[in-house]
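Visitor: Once you've looked at the hints, dock chain B against the given chain A.
Going line by line, the protein sequences match chains A and B. Using this note's numbering, read the first sequence as starting at 1 and increasing by one per residue. Using this note's numbering, read the second sequence as starting at 1 and increasing by one per residue.
Misleading hints may appear alongside valid ones.
Pairs of lysine to aspartate or glutamate, EDC-like flavour, derived with a Cα cap of 20 Å [as the list claims (entries may be wrong)]: (1) A:LYS247 / B:GLU58; (2) B:LYS247 / A:ASP106; (3) A:LYS247 / B:GLU342; (4) A:LYS247 / A:ASP131; (5) B:LYS247 / A:GLU58.
Quick caveat, the hints were computed from the structure, so don't treat them as lab data.
Protein chains: 2
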Amino acid sequence: MSGTATAAAHPARYPGAPAGQPTVDTWQEAPHNRWSFAHLGELLPTAAVTRRFPAAPEAATNRLDALIPRVPNLLERLEATYTDAFLVLRHNQVLAEYYRQGFAPDDRHLVMSVSKSLCSLVVGALVASGDIDPAAHVTTYVPELRGTVYDGAPTNRVTVQHVLDMTIHIDYSEDYVDPASEVQTHDRSADWRIRRAEDPGNTYEFLTTLRGNGTLGTFQYCSANTDVLAWIVERTSGLRYSEALSKHLWSKLDADRDATITVDSTGFGFANGGVSCTARDLARVGQIMLDGGIGPGGRVVSEEWIRSIFAGGSTDAMAGSSFSRIHPQGSYTRQWWCTGNERGNVTGIGIHGQYLWLDPQADAVMVQLSTWPEPDSGFFHGLQNRLLLDVGDALDASSTQAPIHSKEHIA
Amino acid sequence: MSGTATAAAHPARYPGAPAGQPTVDTWQEAPHNRWSFAHLGELLPTAAVTRRFPAAPEAATNRLDALIPRVPNLLERLEATYTDAFLVLRHNQVLAEYYRQGFAPDDRHLVMSVSKSLCSLVVGALVASGDIDPAAHVTTYVPELRGTVYDGAPTNRVTVQHVLDMTIHIDYSEDYVDPASEVQTHDRSADWRIRRAEDPGNTYEFLTTLRGNGTLGTFQYCSANTDVLAWIVERTSGLRYSEALSKHLWSKLDADRDATITVDSTGFGFANGGVSCTARDLARVGQIMLDGGIGPGGRVVSEEWIRSIFAGGSTDAMAGSSFSRIHPQGSYTRQWWCTGNERGNVTGIGIHGQYLWLDPQADAVMVQLSTWPEPDSGFFHGLQNRLLLDVGDALDASSTQAPIHSKEHIA
Numbered sequence: 001m002s003g004t005a006t007a008a009a010h011p012a013r014y015p016g017a018p019a020g021q022p023t024v025d026t027w028q029e030a031p032h033n034r035w036s037f038a039h040l041g042e043l044l045p046t047a048a049v050t051r052r053f054p055a056a057p058e059a060a061t062n063r064l065d066a067l068i069p070r071v072p073n074l075l076e077r078l079e080a081t082y083t084d085a086f087l088v089l090r091h092n093q094v095l096a097e098y099y100r101q102g103f104a105p106d107d108r109h110l111v112m113s114v115s116k117s118l119c120s121l122v123v124g125a126l127v128a129s130g131d132i133d134p135a136a137h138v139t140t141y142v143p144e145l146r147g148t149v150y151d152g153a154p155t156n157r158v159t160v161q162h163v164l165d166m167t168i169h170i171d172y173s174e175d176y177v178d179p180a181s182e183v184q185t186h187d188r189s190a191d192w193r194i195r196r197a198e199d200p201g202n203t204y205e206f207l208t209t210l211r212g213n214g215t216l217g218t219f220q221y222c223s224a225n226t227d228v229l230a231w232i233v234e235r236t237s238g239l240r241y242s243e244a245l246s247k248h249l250w251s252k253l254d255a256d257r258d259a260t261i262t263v264d265s266t267g268f269g270f271a272n273g274g275v276s277c278t279a280r281d282l283a284r285v286g287q288i289m290l291d292g293g294i295g296p297g298g299r300v301v302s303e304e305w306i307r308s309i310f311a312g313g314s315t316d317a318m319a320g321s322s323f324s325r326i327h328p329q330g331s332y333t334r335q336w337w338c339t340g341n342e343r344g345n346v347t348g349i350g351i352h353g354q355y356l357w358l359d360p361q362a363d364a365v366m367v368q369l370s371t372w373p374e375p376d377s378g379f380f381h382g383l384q385n386r387l388l389l390d391v392g393d394a395l396d397a398s399s400t401q402a403p404i405h406s407k408e409h410i411a
Numbered sequence: 001m002s003g004t005a006t007a008a009a010h011p012a013r014y015p016g017a018p019a020g021q022p023t024v025d026t027w028q029e030a031p032h033n034r035w036s037f038a039h040l041g042e043l044l045p046t047a048a049v050t051r052r053f054p055a056a057p058e059a060a061t062n063r064l065d066a067l068i069p070r071v072p073n074l075l076e077r078l079e080a081t082y083t084d085a086f087l088v089l090r091h092n093q094v095l096a097e098y099y100r101q102g103f104a105p106d107d108r109h110l111v112m113s114v115s116k117s118l119c120s121l122v123v124g125a126l127v128a129s130g131d132i133d134p135a136a137h138v139t140t141y142v143p144e145l146r147g148t149v150y151d152g153a154p155t156n157r158v159t160v161q162h163v164l165d166m167t168i169h170i171d172y173s174e175d176y177v178d179p180a181s182e183v184q185t186h187d188r189s190a191d192w193r194i195r196r197a198e199d200p201g202n203t204y205e206f207l208t209t210l211r212g213n214g215t216l217g218t219f220q221y222c223s224a225n226t227d228v229l230a231w232i233v234e235r236t237s238g239l240r241y242s243e244a245l246s247k248h249l250w251s252k253l254d255a256d257r258d259a260t261i262t263v264d265s266t267g268f269g270f271a272n273g274g275v276s277c278t279a280r281d282l283a284r285v286g287q288i289m290l291d292g293g294i295g296p297g298g299r300v301v302s303e304e305w306i307r308s309i310f311a312g313g314s315t316d317a318m319a320g321s322s323f324s325r326i327h328p329q330g331s332y333t334r335q336w337w338c339t340g341n342e343r344g345n346v347t348g349i350g351i352h353g354q355y356l357w358l359d360p361q362a363d364a365v366m367v368q369l370s371t372w373p374e375p376d377s378g379f380f381h382g383l384q385n386r387l388l389l390d391v392g393d394a395l396d397a398s399s400t401q402a403p404i405h406s407k408e409h410i411a
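Next comes chain A alone, as it looks inside the complex:
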C-alpha cells in the first residue's frame, strides 16, 4: 500500500485548528486569526524593522587577537571562505569571534544541513525518554511511509537507525544545481522554490513518493532522511517539529535568541536544512556535545548518544565518499560527520559552508558560518577543514591562553 499523507494526521498549528488551517487565504478569518496575528511570519514573508539603525555594524567585528599570532593568515582565510561569522569557544568561554561587515553578532544565519545535527539531538532526547526506539521500523511510527523506500518490507526492513546513519539506497539525487534532481523537487514541495503543478503539495507528501532498490548499509547522503526523522519526532512527541526542537534542545541552551525554521504550507519545519540561528547559540549546542549531553537547562540526550557520535560510524559504509577523500577514516552517524582523525573532530556541515566543529582534544567548539558561491565545493571544504584543524593545533600550543573576555561565559 502506498502511503498518503493527510493534513489531519499532523500536529495542529494551534490547539483545535482544523486540518491544513490556516492558509494564506484564511489566516485573517476567525478562529484562525487569533493564532495567526501572533505568528504572521509563519504564513507570510516578513522583514525585520530593526531596533538599531543601521541594523548591523558597518565595520566587521574582529576579536581574533588570541588566534592571529598562532594561525597564519587567519583573517584572509576567513574572507577567502566567504565567512559571515566565526567563533571559537574554549573551555566554554569565547576565545575569538569574527563577524563580517554588515552581519551583526545577534543576527541569525541559515545553517542549512547543520540543521540535521540539531535534529539528531531531538531524536536522541526522545530515544532517552523511551519514545523512539532506534531499532524500530520507520513504518511503526509513520504508517504513511508503507510502500515507500522507508518501508523495505518484506525483506530489508528500514529502521530509525538506518535513517539516522543515512544507510539507505534512495532514488534521490542530491545535486543541488540540477532542476531535475529530487532535491529540487523536495525544495519545491517545502516552498523553498516555486512549486510546479505536478509537485507534491508539501514535504510529507514528497516523502511518500520516494523509492529505492532495497539496499541497506551503504552511506548515501539524502536530505529526505532528516525530514523522515522529524516526522517520527512529531508522531512520538505530539508536537510540531518546531516545537519539539524548542522543547528538547533550544530551551536547554540558555540561548540568546529564538532560532527560526522555515515551514511548508502545512507548517512542517524543514528539519533537514531550514534552521537559522546566531553563531553564539550554535556554539552553545556544540558545548552540550562536549559536555556529554547536558546543557544549562538540563540533560538533552544520554551520554551514550554523545559517546556513539564521537566514536564514529562505519567507515566501510562511507568508502568512496567525498568526505572520505578529506578524512580517510571518516564516517557519518546520527546526523553528524565524524572525521575519525587524531583530534577526534566531529562536525555538522551545511551546504555553502556552515560548520559546527567539535574539538574534544582542545575542549573547543568552532562555528564557521560561510556563504560560498557554490553549494558543495571540495575546494572550499578543504580550505575550511584546514583552517579548523589549524585552529585546533593553535589551541593545543596555547593551553594556558586566557579567554578574551572572561565574563562572557556563554553557556
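Guide: Relative to the frame of chain A, chain B by itself:
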C-alpha cells in the same frame, strides 16, 4: 501617461542587487545568497524555535490591580473584546498590563492599520528634514503614479497632504470580506492572499491601477493611501520602507525588540497594515506622541507635526462616517484618528481591534491588541472605546496612583 512600476526603480534588498532579486527561485544562488542566508524570513515563512518552552505562559499575565478597583468588570471586558494584550502607560511608566493565556509579553502582535499611524511618523520625520513637502504633488515624488487617481491633473492636483488625510475619492472598496473588493486585490498583490493570474504582480503595480472621479476634500478611508506614502518615503529617503521605519522611528524608541513588517515579492513593506510588534514597544511610540515628538533616541518628528495631529483634522470632511457616529467631533489627519472629545483622545486603529490610544489629559498611553472575529465591528469598537474612556476617567480620579513597578520605566 499611465505609470508602470518597474523593479529597477525601487531600493535594492542589498547593495548592488539586480532589479527584482532575489526571488524564491534564486535566493540560494550567488551573489544573492550572502544576503538571503541572513534574511531568510523575508523570502520564506519561518516559525520561531523559541528559547523558552512553552513559548508563552500557560496562564494569563494579569497585572491589573491598579485599575480593577476603578474600572468596572475590567477583566471580563478585556476577555469579551478578544484582547491578547493590554497595557497602560502613565507618566511614562507601566501602570497596568495584561496578556492572555498563550500570549507572552515579548510576543509580537499584528497591529494592522495602526501601521498607518507609524507611517505618519516616518513621513513626519522626512517633512522635518525637508525631504518631503506635504503641499507637493504626489507625482513629483512618484512619477509612476501619473495618470492614476494620485495624479489628478490638470485640475485637482493631489498632494501629499491629501494622501495623509485620506481626502481623495478612489474607486476602491475597503470591504474586507468581499472577494471582489479592491482591498482584496490589494491583499493579493502584496501576497497577503494567494495571487490570481490577473492580479498585479506586487503592491507598486497595484497602486498604479487605481482610478477615481477627481473629487478631493471628503474623507474616504483607503489603505492604498498609506502604501503611496511608503513609496514616497522610499523615493525621498533612498531606503526600503522597512529600513526607513527603522531609521526614523524604531531605532528612536529604545525598543525591546525588532518589529517586523510583511513584504511583497519585491520586498516592499506593507505600510498600511503589515507591522507586528510588542505591546510595550507600541506604547513607546505613543509616549513619543505625548512627548512632542521626541524619543529616547532623539527627535522623530517636529512638535508641529504632533500638535497638528492632536488638533485634529476636518470634521466636515469626516461627516457621516462610522467614526463620527462614535465620536461626533471626530476627524482623521496624518494617518491618525482624532476623537475630538473632551479628553483629546487620538488613536491608531487596526481592523480586528488594535488600538494605540493616546490620553494627553491623563498623560497616558493605552495599547489594546485584540483579535476580534470580525474585521470592522461597530459593536466591538463601541466596547473598546468605552473601556479606554473609562480607564482615562479612572486615571483622572487617581492622579497619585503609583505605578505597579516603578523600575520598569519603559521609554
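Visitor: For each hint, tell me whether it holds in the structure or not.
Guide: Evaluation of the provided hints:
1. A C-alpha spacing of about 15 Å is found between A:LYS247 and B:GLU58, which places the hinted pair at or below 20 Å, so the restraint holds.
2. Between the alpha carbons of B:LYS247 and A:ASP106 the distance comes to roughly 18 Å, so the proposed pair stays at or under 20 Å and holds.
3. With a C-alpha separation of about 51 Å, the suggested pairing of A:LYS247 with B:GLU342 is violated against the 20 Å cut-off.
4. Between A:LYS247 and A:ASP131 the CA atoms are separated by roughly 15 Å; this keeps the pair inside 20 Å, and the hint holds.
5. Distance check on the hinted pair: B:LYS247 and A:GLU58 sit about 15 Å apart at the alpha-carbon level, within 20 Å; holds.
In this structure, the one hint that does not hold is number 3.
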